[in-house]
Amino acid sequence: MDLEFDGAILRIRRIADPPELRVEGAIDATTVNELSKALATAVQCGDGDVRVNLEGVTFVDLAGLRVLADAASALPEGRALILWRVPGHVRHLIRLVGWDTTPGLRLFDTETR
Amino acid sequence: MTTPAFLHQATLYGSDEEFLAMAVPFVTDGLAEGEPVMVTTTSANLDLLADALGPLGTEVDCAESAYFGRRTAQRATGFIRYWRRKAAESSPRVRILAEPVWSGRSPREVTSWKRMESALNVALADTGVWMICPYDTRVVAPGIAADARRTHPSLTSDGRTIEPSPDYADPARFIAHCDSTPLDEPPAGAATLTTADLPSLRRFVTERARAHGLTAERGTLLAVAAYEAAVHLRGQVEPMPDAPTTARVWDRMGALVCDLRQPGAHVSDPVAGFRPPDRAAAPGDGLWLTRQICDHVDIRTEGASATIRLQVPSSRVEDVLQKTLL
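Just so you know, the sequences run in chain order X and A.
Residue numbering for the first sequence follows our numbering, starting at 15 and increasing by one per position.
Residue numbering for the second sequence follows our numbering, starting at 657 and increasing by one per position.
Hints listed in this document are in silico derivations from the structure and should not be mistaken for laboratory results.
Honestly, I wouldn't trust all of these hints.
With the Cβ distance kept under 10 angstroms, some of the chain X side facing chain A (calculated, not the full set) [said to hold, decoys possible]:
1. Thr44
2. Val74
3. Ala77
4. Arg80
5. His103
6. Leu107
7. Val111
Far from chain X, by Cβ distances over 12 angstroms, these chain A residues were calculated [stated by the list, open to error]:
8. Val716
9. Ser746
10. Pro820
11. Thr862
12. Thr876
13. Val887
14. Asp951
Okay, the calculated beta carbon distance ranges per label pair [what the hints assert, rightly or not]:
15. A:Pro711 x X:Lys51: 55 to 63 angstroms
16. X:Ala88 x A:His833: 39 to 47 angstroms
17. X:Glu91 x A:Arg829: 46 to 54 angstroms
18. X:Gln58 x A:Arg829: 49 to 57 angstroms
19. X:Gly21 x A:Arg866: 19 to 27 angstroms
20. X:Ile23 x A:Ala781: 34 to 42 angstroms
21. X:Glu91 x A:Ser699: 40 to 48 angstroms
Ideal placement from N, C-alpha and C gives every residue a C-beta, glycine not left out.
Given only the sequences and the hints, what does the whole structure look like? Please build it.
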């Protein structure tokens with residue numbers, strides 16, 4: 015397990031097996047760039063879907079939702095950004111803004127394998 | 657072909673015949689031109705129109721007004737999304753017949769809907785929407801009908817012609833007038849936090865929401881609304897960018913209220929947050945989230961500070977709706 019980023023309010027860990035990013039804490043103006051970098055690294059390091067476990071996310075703002083949607087849009091055809099264990103508030107917000115239908119983005123409540 | 661500009665008209669009608677004399681040509685002309693047509697009005701007017709249109713009526717996108725946008729921010733977003741979707745699929749010109757519900761609304765809600773009517777002139781300015789807003793003079797108060805002439809640049813009685821409204825008011829001035837009444841002072845017992853640290857501010861709001869019985873999810877959504885409002889306020893401060901923000905939270909029957917007050921801030925754009933965000937970031941788009949989450953968003957610049965007041969349903973409202981309605 016690698017620590018991608020460990021700040022006061024956001025922690026991002028890379029889990030090796032099965033591969034996923036585990037995001038915990040608050041995604042806001044002060045931490046969104048770290049999420050963006052971690053997502054870019056995860057995209058570069060593999061050639062399949064990118065899985066992000068959001069179970070520990072306590073807060074996300076509009077900028078954070080945009081970074082998730084942008085990461086999905088940037089993936090080449092055939093690869094997806096899979097958000098799973100998505101907390102109710104994150105799901106509510108991403109649907110509200112309409113980015114849940116972004117091509118390349120998939121949302122799951124629980125286990126997806 | 658250039659995209660046609662937003663056309664926003666009011667119709668003041670006093671009978672079923674007058675309603676149909678405007679609505680039928682507006683709808684049938686649109687369908688004949690191949691333009692998408694949406695009608696959102698009262699159930700009585702939907703029935704009248706359905707009878708008058710016959711089989712043609714099945715080509716109309718329609719919804720009772722009460723179900724198309726419970727609050728003004730949702731309704732404005734609904735209009736913009738309808739246009740975006742139809743413009744992408746088929747036609748840059750769409751027609752919308754949009755009659756808000758006025759009966760039984762509190763004075764505050766009436767003001768909110770008037771404000772939206774005026775704000776649409778700005779928020780939809782670059783869309784190809786042709787919108788006619790019917791006002792039923794048998795039902796609406798005279799003041800509401802009079803303001804329809806101030807919030808719509810033009811009038812029509814036949815759904816075809818454009819008569820400039822001599823009373824039309826610039827949206828910024830009209831909305832400033834709507835917002836000229838000061839907000840009530842928060843109650844003395846309101847929980848208060850003054851801080852320049854936004855993570856502390858949103859934790860405070862989340863904790864207060866939980867203490868007032870909101871679910872964890874509702875509490876977090878209120879914190880998101882408050883955070884985006886605070887970011888918006890703090891972005892409007894010229895002389896003192898680091899001045900702390902004061903958050904206050906209190907409850908009243910049916911509602912939880914959250915005030916955010918920012919010294920030195922002046923909120924200049926009265927329609928910020930009415931347009932749904934694009935994937936490219938734009939000023940004020942965080943406030944769109946705030947408006948979607950809350951039942952009421954009141955913005956005031958008074959003296960040397962600006963306040964954004966948010967209101968969400970109380971836990972008892974949520975409880976009644978979720979546990980007994982479904």
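Verification of the supplied hints:
{"no.": "1", "hint": "Thr44", "verdict": "8 angstroms, holds"}
{"no.": "2", "hint": "Val74", "verdict": "7 angstroms, holds"}
{"no.": "3", "hint": "Ala77", "verdict": "7 angstroms, holds"}
{"no.": "4", "hint": "Arg80", "verdict": "7 angstroms, holds"}
{"no.": "5", "hint": "His103", "verdict": "4 angstroms, holds"}
{"no.": "6", "hint": "Leu107", "verdict": "7 angstroms, holds"}
{"no.": "7", "hint": "Val111", "verdict": "6 angstroms, holds"}
{"no.": "8", "hint": "Val716", "verdict": "24 angstroms, holds"}
{"no.": "9", "hint": "Ser746", "verdict": "19 angstroms, holds"}
{"no.": "10", "hint": "Pro820", "verdict": "36 angstroms, holds"}
{"no.": "11", "hint": "Thr862", "verdict": "8 angstroms, violated"}
{"no.": "12", "hint": "Thr876", "verdict": "4 angstroms, violated"}
{"no.": "13", "hint": "Val887", "verdict": "7 angstroms, violated"}
{"no.": "14", "hint": "Asp951", "verdict": "15 angstroms, holds"}
{"no.": "15", "hint": "A:Pro711 x X:Lys51: 55 to 63 angstroms", "verdict": "58 angstroms, holds"}
{"no.": "16", "hint": "X:Ala88 x A:His833: 39 to 47 angstroms", "verdict": "46 angstroms, holds"}
{"no.": "17", "hint": "X:Glu91 x A:Arg829: 46 to 54 angstroms", "verdict": "50 angstroms, holds"}
{"no.": "18", "hint": "X:Gln58 x A:Arg829: 49 to 57 angstroms", "verdict": "53 angstroms, holds"}
{"no.": "19", "hint": "X:Gly21 x A:Arg866: 19 to 27 angstroms", "verdict": "24 angstroms, holds"}
{"no.": "20", "hint": "X:Ile23 x A:Ala781: 34 to 42 angstroms", "verdict": "39 angstroms, holds"}
{"no.": "21", "hint": "X:Glu91 x A:Ser699: 40 to 48 angstroms", "verdict": "46 angstroms, holds"}
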